[in-house]
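*Asks:* In case you want the letters, here they are:
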Amino acid sequence: MKRIGVFVCHCGINIAETVDVKRVAEEALKMDGVAYAQDYIYMCSEPGQALVREKIKEEKLDAVIIAACSPNLHESTFRTAAEEAGLNPWQCEIANIREQCSWVHSDREKATSKAINIVGTIVQKTRLNESLEPIPVSITKKALVIGGGIAGIQAALDIADSGYKVILVEKESSIGGHMAQLSETFPTLDCSQCILTPKMVAAGKHPNIELMTYSEIEEVSGYVGNFKVRIRRKAAFVDWSKCNGCGLCMEKCPSKVSSVFDRELAKHGAIYVPFPQAVPNKPVIDKDSCIYFKSGKCRLCEKVCEIGAIDFEQEDRFVEEEVGAIITATGFETLPVADLAEYGAGDVPDVIDGLAFERLLSASGPTVGEVRRPSDGTIPKEIVFVQCAGSRDPERYKPYCSKICCMYTTKHALLYKHRVHDGQPYIFYIDIRTGGKGYEEFYHNAEEEEGIIYLRGKVAKIFRDGDKTVVWGTDTLTGRNIEIAADLVVLATAMIPKDSTAELVKKLRIQTGPNGFLSEAHPKLRPVESINSGFYIAGAAQGPKDIPETVAQASAAACKVISLFSRDHLEQDPAIAWVDEDLCGSCRICISVCPYDAREFDEEKGIVIVNEALCEGCGSCVAACACGATQQRNLSDSQIKSMVTASLGGG
Amino acid sequence: MFEPKIVCFLCKWCTSAGADLAGTSRLKYRPNGVNIRFMCSSRVDPEHILWAFHEGADGVLIGGCHPGDCHYEDGNYKTQARVSLLNRLLDDFGIDTTRLRLEWISAAEGAKFANVMNEFTEELRSKGPLKLAAREMAK
Numbered sequence: 005m006k007r008i009g010v011f012v013c014h015c016g017i018n019i020a021e022t023v024d025v026k027r028v029a030e031e032a033l034k035m036d037g038v039a040y041a042q043d044y045i046y047m048c049s050e051p052g053q054a055l056v057r058e059k060i061k062e063e064k065l066d067a068v069i070i071a072a073c074s075p076n077l078h079e080s081t082f083r084t085a086a087e088e089a090g091l092n093p094w095q096c097e098i099a100n101i102r103e104q105c106s107w108v109h110s111d112r113e114k115a116t117s118k119a120i121n122i123v124g125t126i127v128q129k130t131r132l133n134e135s136l137e138p139i140p141v142s143i144t145k146k147a148l149v150i151g152g153g154i155a156g157i158q159a160a161l162d163i164a165d166s167g168y169k170v171i172l173v174e175k176e177s178s179i180g181g182h183m184a185q186l187s188e189t190f191p192t193l194d195c196s197q198c199i200l201t202p203k204m205v206a207a208g209k210h211p212n213i214e215l216m217t218y219s220e221i222e223e224v225s226g227y228v229g230n231f232k233v234r235i236r237r238k239a240a241f242v243d244w245s246k247c248n249g250c251g252l253c254m255e256k257c258p259s260k261v262s263s264v265f266d267r268e269l270a271k272h273g274a275i276y277v278p279f280p281q282a283v284p285n286k287p288v289i290d291k292d293s294c295i296y297f298k299s300g301k302c303r304l305c306e307k308v309c310e311i312g313a314i315d316f317e318q319e320d321r322f323v324e325e326e327v328g329a330i331i332t333a334t335g336f337e338t339l340p341v342a343d344l345a346e347y348g349a350g351d352v353p354d355v356i357d358g359l360a361f362e363r364l365l366s367a368s369g370p371t372v373g374e375v376r377r378p379s380d381g382t383i384p385k386e387i388v389f390v391q392c393a394g395s396r397d398p399e400r401y402k403p404y405c406s407k408i409c410c411m412y413t414t415k416h417a418l419l420y421k422h423r424v425h426d427g428q429p430y431i432f433y434i435d436i437r438t439g440g441k442g443y444e445e446f447y448h449n450a451e452e453e454e455g456i457i458y459l460r461g462k463v464a465k466i467f468r469d470g471d472k473t474v475v476w477g478t479d480t481l482t483g484r485n486i487e488i489a490a491d492l493v494v495l496a497t498a499m500i501p502k503d504s505t506a507e508l509v510k511k512l513r514i515q516t517g518p519n520g521f522l523s524e525a526h527p528k529l530r531p532v533e534s535i536n537s538g539f540y541i542a543g544a545a546q547g548p549k550d551i552p553e554t555v556a557q558a559s560a561a562a563c564k565v566i567s568l569f570s571r572d573h574l575e576q577d578p579a580i581a582w583v584d585e586d587l588c589g590s591c592r593i594c595i596s597v598c599p600y601d602a603r604e605f606d607e608e609k610g611i612v613i614v615n616e617a618l619c620e621g622c623g624s625c626v627a628a629c630a631c632g633a634t635q636q637r638n639l640s641d642s643q644i645k646s647m648v649t650a651s652l653g654g655g
Numbered sequence: 012m013f014e015p016k017i018v019c020f021l022c023k024w025c026t027s028a029g030a031d032l033a034g035t036s037r038l039k040y041r042p043n044g045v046n047i048r049f050m051c052s053s054r055v056d057p058e059h060i061l062w063a064f065h066e067g068a069d070g071v072l073i074g075g076c077h078p079g080d081c082h083y084e085d086g087n088y089k090t091q092a093r094v095s096l097l098n099r100l101l102d103d104f105g106i107d108t109t110r111l112r113l114e115w116i117s118a119a120e121g122a123k124f125a126n127v128m129n130e131f132t133e134e135l136r137s138k139g140p141l142k143l144a145a146r147e148m149a150k
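So the protein lines, in turn, are chains B and P.
Mapped onto our numbering, the consecutive letters of the first sequence carry residue numbers 5 to 655.
Mapped onto our numbering, the consecutive letters of the second sequence carry residue numbers 12 to 150.
To be clear, the hints were calculated from the coordinates, so they are not data collected in a lab.
Some hints here could point you the wrong way.
Stated by the list, open to error - Negatives, chain B to chain P, calculated, CB over 10 Å: (1) Cys-105; (2) Gly-470; (3) Gly-654.
Unchecked claim - Derived DSS-like pairs: lysine-lysine, alpha-carbon spacing no greater than 27 Å straight-line: (4) B:Lys-510 x P:Lys-123; (5) B:Lys-114 x P:Lys-39; (6) B:Lys-564 x P:Lys-123; (7) B:Lys-645 x P:Lys-138; (8) B:Lys-511 x P:Lys-123; (9) P:Lys-39 x B:Lys-528; (10) B:Lys-511 x P:Lys-138; (11) P:Lys-123 x B:Lys-528; (12) B:Lys-502 x P:Lys-39; (13) B:Lys-114 x P:Lys-138; (14) P:Lys-138 x B:Lys-232; (15) B:Lys-232 x B:Lys-271; (16) B:Lys-528 x P:Lys-138; (17) P:Lys-39 x B:Lys-26; (18) B:Lys-246 x B:Lys-260; (19) B:Lys-465 x B:Lys-511; (20) P:Lys-123 x B:Lys-402.
Values in this document were obtained by computation on a predicted structure and should not be read as measured data.
Don't be surprised by glycine CBs; every beta carbon is placed ideally from N, CA and C.
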């Protein structure tokens, strides 16, 4: 009989506090097949792993079970340790007694007996586990980066610079993302455009980067190293291969459309580039606003375009690409002002959000950098900035801190003071959070030297009164109610994931957390990987973050991709379906349930075989097999049955 | 007090990850279920469910990804079809169909997992132990 070793982790007190780990080890030792059992304070530490390796040799163990945290965390750690001691990695299993036991129960007796049953279940699985060899698969050494903001640009450049091909897909017609909208960046006050546009140009020109702007992901299939991606190239109604970017069409277009890029503080034609530094600098026609598309008349742009680049007949095109890794860097959006009922629900003209204020501050913005309020274009003399507009408000809006607002609001107030010397900025805040290099110093300078008035408290109501925008709030430090008749109010609205992210993650089949941000494989140790192999994440799509963090994460994700591509081949999990040829009745039900065409009828043998390169190991065909001929490696029906019995405390 | 026994078949990608999230969020729920992790809920053979009842389970929970979210295209739809068919048979075996519960719980729904475990435990507690003729005969 197989000799199994069971190692029960205390995880400090994380497990040991609720589960009697010594008793789990004692009970494990009584189970059939278990030849050795021991508890230890930190199994994942080097002494813990050394203990496993040592006991495998000393006790001549054929298999080991680590009763510890979720297999998502340390399965590979312990499989490597087992392999180092001469075991086949598939002879190492994890019993999850932390996330699914000690952390979720408080009754020590019940938690301990559940932990014993969890270990018993895994013992039953392990008794029948076979030694397996990973299946080698090739890698397509080309990456897909979704999202052309600073995160996507940085990741694409890093991968491209190391010699691999990258496809950079962006939904809008230009790359650049939100960073292109910013005026200056905290805490150094670098001009955002000045540091971003060279990177945009570099990405546009890089021989290893293929830009696909005005494009969206339609479908993704395959697995790490071998993804197939279908990309929709949206119709721009302009032949970009002909267009030289002269801009005459945009000048002549009679339509007036609110600019999304300028946060509706300016207008552009129905044919437009979002901003003058766009990469690629090619226009698109907004079909919903174009007079020709609406009424069948106009075509003025076509008439002025001497090179004949306008193409009203253009349709969406689809391209198929094969890539080995996918980075999702779809960025953020901000909570719409319209969602904030107490702050005017978007109906008060001089209540704007932080991104709109960035456009007012920007030298390339609608006011050429002069702070002029939207309602009448006058220069505001008193501005109220409201932080945490929708953040840190679990009852009504978002429970989390949007992280960057303390810093950018301070920057806003400071830049406003630099432009309007006699102006008075007020900042309502809950707490000032300045975690970052040079951030605290930046805030202190603003507060002490620049005459910005900080008021600690939340704003209860904002409404219009004549040409003033009245702000009602409380200063919780003095306990007084405050009323300010402001000329302009700027809301630091909550950062939320881009609305298209929810749709995209369904296509990619990667996970998001409760607030819709992308989930990382481990919050601390695998922050740029998805739990699904081959998918990486970067930037604000993963959670609110500032530019330096975004860039660091993008480079880290790129590094992960490069490390993946540095291998000759990948190893696929061999715990897939197999067929007992003597039992197969060739009914072919398995063929109909396989989502990957991995089941094929073998004419010669007269049975249905498994194509190992295509099988993903879902086990659907195993459940469907009427005669028990198809089984899953290391998760056979007989294993499952004994696991079920053990989970109920029997066996 | 009667403590019902529950066998939980969870898919790795969604529901087991959701159960992990319940743990990292330190949510507390009743300890009556033991989880068995499959790659996909479509690995669950109706026979496994019947076996669980035979072996002493008072309830069986199957947890998969939400419709449209399956890591394997459409495994969860197959699971749903199989569960619906099995429900027709459960009556014949003298098993109340509410003792078999199918839930879509995503990796983000730690709280839902905890709620489902609490609810299901209470529901089974009020029903009392499953008395199965086949089980009695085996004894």
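*Asks:* Would you mind marking each hint as holding or not holding in the structure?
*Replies:* Hint by hint, here is what the structure shows:
A Cβ of chain P approaches the Cβ of Cys-105 of chain B within 10 Å, the least distance being about 8 Å, so the stated non-interface status is violated. With a minimum CB-CB distance of about 46 Å to chain P, Gly-470 of chain B clears the 10 Å threshold, and the non-interface call stands. Taking the minimum C-beta to C-beta distance to chain P, about 6 Å, the non-interface status of Gly-654 of chain B is violated against the 10 Å cut. The suggested pairing of Lys-510 of chain B with Lys-123 of chain P holds, with an alpha-carbon distance near 20 Å, which does not exceed 27 Å.
For a cut-off of 27 Å, the pair hint linking Lys-114 of chain B to Lys-39 of chain P stands: about 13 Å separates their Cα positions. The straight-line distance between the Cα atoms of Lys-564 of chain B and Lys-123 of chain P is roughly 33 Å, outside the 27 Å bound, and the hint therefore fails. Using a Cα cut-off of 27 Å, the hinted pair Lys-645 of chain B and Lys-138 of chain P holds, with the two alpha carbons roughly 25 Å apart. The suggested pairing of Lys-511 of chain B with Lys-123 of chain P holds, with an alpha-carbon distance near 23 Å, which does not exceed 27 Å.
About 23 Å separates the Cα atoms of Lys-39 of chain P and Lys-528 of chain B, which keeps this hinted pair within 27 Å; it holds. For the proposed pair Lys-511 of chain B and Lys-138 of chain P, the alpha carbon gap of about 41 Å is over 27 Å, so the pair is violated. Straight-line distance between C-alpha atoms of Lys-123 of chain P and Lys-528 of chain B comes to about 24 Å, which keeps the hinted pair within the 27 Å bound. A C-alpha spacing of about 32 Å is found between Lys-502 of chain B and Lys-39 of chain P, which places the hinted pair above 27 Å, so the restraint is violated.
Note on Lys-114 of chain B and Lys-138 of chain P: the hinted pairing holds, with a Cα-Cα distance of about 21 Å set against a maximum of 27 Å. This hinted pair does not check out: Lys-138 of chain P and Lys-232 of chain B have alpha carbons roughly 50 Å apart, beyond 27 Å. A hinted pair counts as satisfied when its Cα atoms are at most 27 Å apart, and Lys-232 of chain B with Lys-271 of chain B does not qualify at roughly 39 Å. Between Lys-528 of chain B and Lys-138 of chain P, the direct Cα distance comes to roughly 44 Å. Violation of the 27 Å bound is thereby established for this hinted pair.
A hinted pair counts as satisfied when its Cα atoms are at most 27 Å apart, and Lys-39 of chain P with Lys-26 of chain B qualifies at roughly 23 Å. A threshold of 27 Å between alpha carbons decides the hint, and for Lys-246 of chain B with Lys-260 of chain B the separation of about 25 Å falls inside it, so the pair holds. Restraint check for Lys-465 of chain B and Lys-511 of chain B: the C-alpha separation of about 41 Å exceeds 27 Å, so the hint is violated. With a C-alpha separation of about 19 Å, the suggested pairing of Lys-123 of chain P with Lys-402 of chain B holds against the 27 Å cut-off.
Of the numbered hints listed earlier, those contradicted by the structure are 1, 3, 6, 10, 12, 14, 15, 16 and 19.
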